[in-house]
Amino acid sequence: MLAITLAVVFSGTQLIARNSLQKAQDNALQAVAQVIADSVTRENGQLTFDLPFEAFEVLAYQSQEALAYQVSNTERVLAGAEDLPLILPRVPGQLTHAYTQVFNSEPMRFFYLNKPIRGTQSIAIVIGQTQTGLVSEVNGLALQAAAFCLVAFLLVSGLLYGVLNLALQPLRSIEKALAKRADDDFSKLNTQVPKEISTLLAELNRVMETHEKLLEQSRRFIAEATHQLRTPIAALAARADLIARNAPPDFAEDATELAGQARETSRLSHQLLTQATLSYQTPEKRPCDPRELIQQTLRRFDFIAEQRDIEIHFQHTGEGTLVLDPLGVREALACLLENALQVTPTLGDVWISSRCEASCLTIKILDEGPGFSDMPNQGLGLSIVKQVADNHDGAVTFNHGPQGGAECALLLRG
Amino acid sequence: MNILIVEDNAALRDALQEHLSQAGHIMEAASTLAEATSFWQLKADDFDLVILDLNLPDGLGSELLRIIDQSDVRTGVLVLTARADLTDVVDLLDQGADDYLTKPFQFPELDARIRAIHRRRSQRSAGTQYWFGLEFDELAGIFWHQGKQLDLRQKERQLLEAFIQSPSAQCTRESLMNRLYRLDEVVSENAIEVHVGRLRRKLSDTPVKIQSVRGVGYRAYSDE
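Protein sequences appear in the order of chains F and L. Letter 135 of the first sequence, counting from 1, is numbered 912 in the working numbering, and no numbers are missing. Letter 41 of the second sequence, counting from 1, is numbered 35 in the working numbering, and no numbers are missing.
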């Protein structure tokens, strides 16, 4: 933008300066030509005139330019350079005009004046002068204008920057105050601001208060739903299992199907409520022993593993505690384990390794299933795992196992 | 086992009673904290296990947990919770609960937790046998080595019991298969090899070794 502005200023100044200086040069040349024209007389039928060498000297004195002239009648050149470029006026009857032509390999400005003489003769006077000085003068003026423009631009920009900075200071204070807060801190901002943006601050506080109430409502709803739903669903699943177990042969298949659907409802509702809890509640992180945390979760799956004759191998390296969200970590690990046990065939193995190093916990789960592209239950379960990874500035990745199966790696930063 | 069930939801409480009855346990059931506390105070010595819901209509189940923990009676406590926040539950484990289950749960999981609590709390009975450096309580189905209970799965325990009961501590592959699986169960050809392999790993720190005997099956022996 600045470059375009400077280019426009430079070019404009060049044009104006050239026109102005050009006009002055034309006037000077015209004056000399007029002096010559005024000195023309007829003596004995011959035209005579005086060449104003003083005027030529004045022109030469004004700038170091080369001069050229020609005085001619309709028949021949009477004085001056015979090969001077001559361009007659386009408009018939026009007696004077100025033009620029190259003469002796450099551009020259010429002034043509035609003086009619009584009778049929006329005398043409052409005075020419190079424009080296003029061009230099024009460029000098244009540069000065552009420089002035640049300085003015910088001054104005600096002033504007200072003013804007001052004006934005209250907004920056608000930004800093917000950046220092915890994610679930919606208390009012008490930053001192000018009255011009006090309404903005008031509105911001109002929005935060509304948001806090909505969030609190969501949390209460989730807590209530969690409590209210889990017990009836547990009762439903338990009763369905008993019906399936004790059903007469005619109804055994239907009862088993009912029990299966009840278990699936139970599993999905648990995941849904877990996902909602993780999404709407700020993780409560605290120092945890990663080995103990993982072992607690593994104990939950002992019975499934035993049912399917699957051996779970667990190895942990690294000592110390990490600040983690134990609920989230257990649920994420549970989702991954549930999946691994589901895809691993009977009599197979699931390998879990964990490593605690440099405030990071990496948990790897290797199964003997068909590979991650065929993993079931990727919906809510994977969503929970990703949520927990995000809450710990971590990541979850899936790869093919070194000898088949799928390996999932969950990285958590404490 | 004698079990006290403390659960305010009638449907769940009835289902628990029915299932545990079918498993051969003897039960009392309470639907409020007051009722459960009353049961406990009357028959504390009788109960092997309390299955305790945390959210009761007249108070928190943790109150009963505190009473049990402060008593001299060795009773296992399995907490049932519907709470989303399991940090409270972990605190309960510190307060004396043996284990917890989150609702909803499956009966096999409940059974497994009950067995695990029972094994952890079991004292050696008078009928404990000694075999190749191991102590074996046949009634409880628990094995110890140097005072530490071996963490064995049911099929692994069944394998060891088969070797104990065999005069020469030698069993054929077929006899082990019949011991571990019903006739109508579809089983992989290498199931016994897998279970024996797992048992060998778990016995690696004990004197008991299991050797493959070509054409016969397996033989257990002590390397001491």
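Keep in mind that the hints are not guaranteed to be accurate.
What the hints assert, rightly or not - Derived BS3-like pairs (lysine-lysine); straight-line CA-CA distance at most 30 Å: (1) F/Lys1141 <-> F/Lys1163; (2) F/Lys972 <-> F/Lys953; (3) F/Lys957 <-> F/Lys990; (4) F/Lys1141 <-> L/Lys196; (5) F/Lys953 <-> F/Lys965; (6) F/Lys1141 <-> L/Lys149.
Claimed, not checked - Derived coverage of chain F by chain L (criterion: at least 3 residues anywhere in the stretch with Cβ under 8 Å from a Cβ of chain L; other residues may be distant): (7) 796 to 807; (8) 964 to 977.
Since the hints were derived computationally from the structure, they do not count as laboratory data. C-beta atoms are modelled at their ideal positions from N, C-alpha and C, and glycine is treated no differently.
Consistency of the hints with the structure:
For a cut-off of 30 Å, the pair hint linking F/Lys1141 to F/Lys1163 stands: about 15 Å separates their Cα positions. Using a Cα cut-off of 30 Å, the hinted pair F/Lys972 and F/Lys953 holds, with the two alpha carbons roughly 19 Å apart. With a C-alpha separation of about 21 Å, the suggested pairing of F/Lys957 with F/Lys990 holds against the 30 Å cut-off. Between F/Lys1141 and L/Lys196, the direct Cα distance comes to roughly 23 Å. Compliance with the 30 Å bound is thereby established for this hinted pair.
Under the criterion of a C-alpha separation no larger than 30 Å, the hint pairing F/Lys953 with F/Lys965 is consistent with the structure, at around 14 Å. The suggested pairing of F/Lys1141 with L/Lys149 holds, with an alpha-carbon distance near 27 Å, which does not exceed 30 Å. Three residues within the 8 Å Cβ limit are the bar, and the region 796 to 807 of chain F against chain L gives 0, so the coverage statement is violated. Counting residues of the region 964 to 977 of chain F whose beta carbon lies closer than 8 Å to any beta carbon of chain L gives 0, which falls short of the minimum of three for the stated coverage.
The structure is inconsistent with the numbered hints 7 and 8, although it conforms to all the rest.
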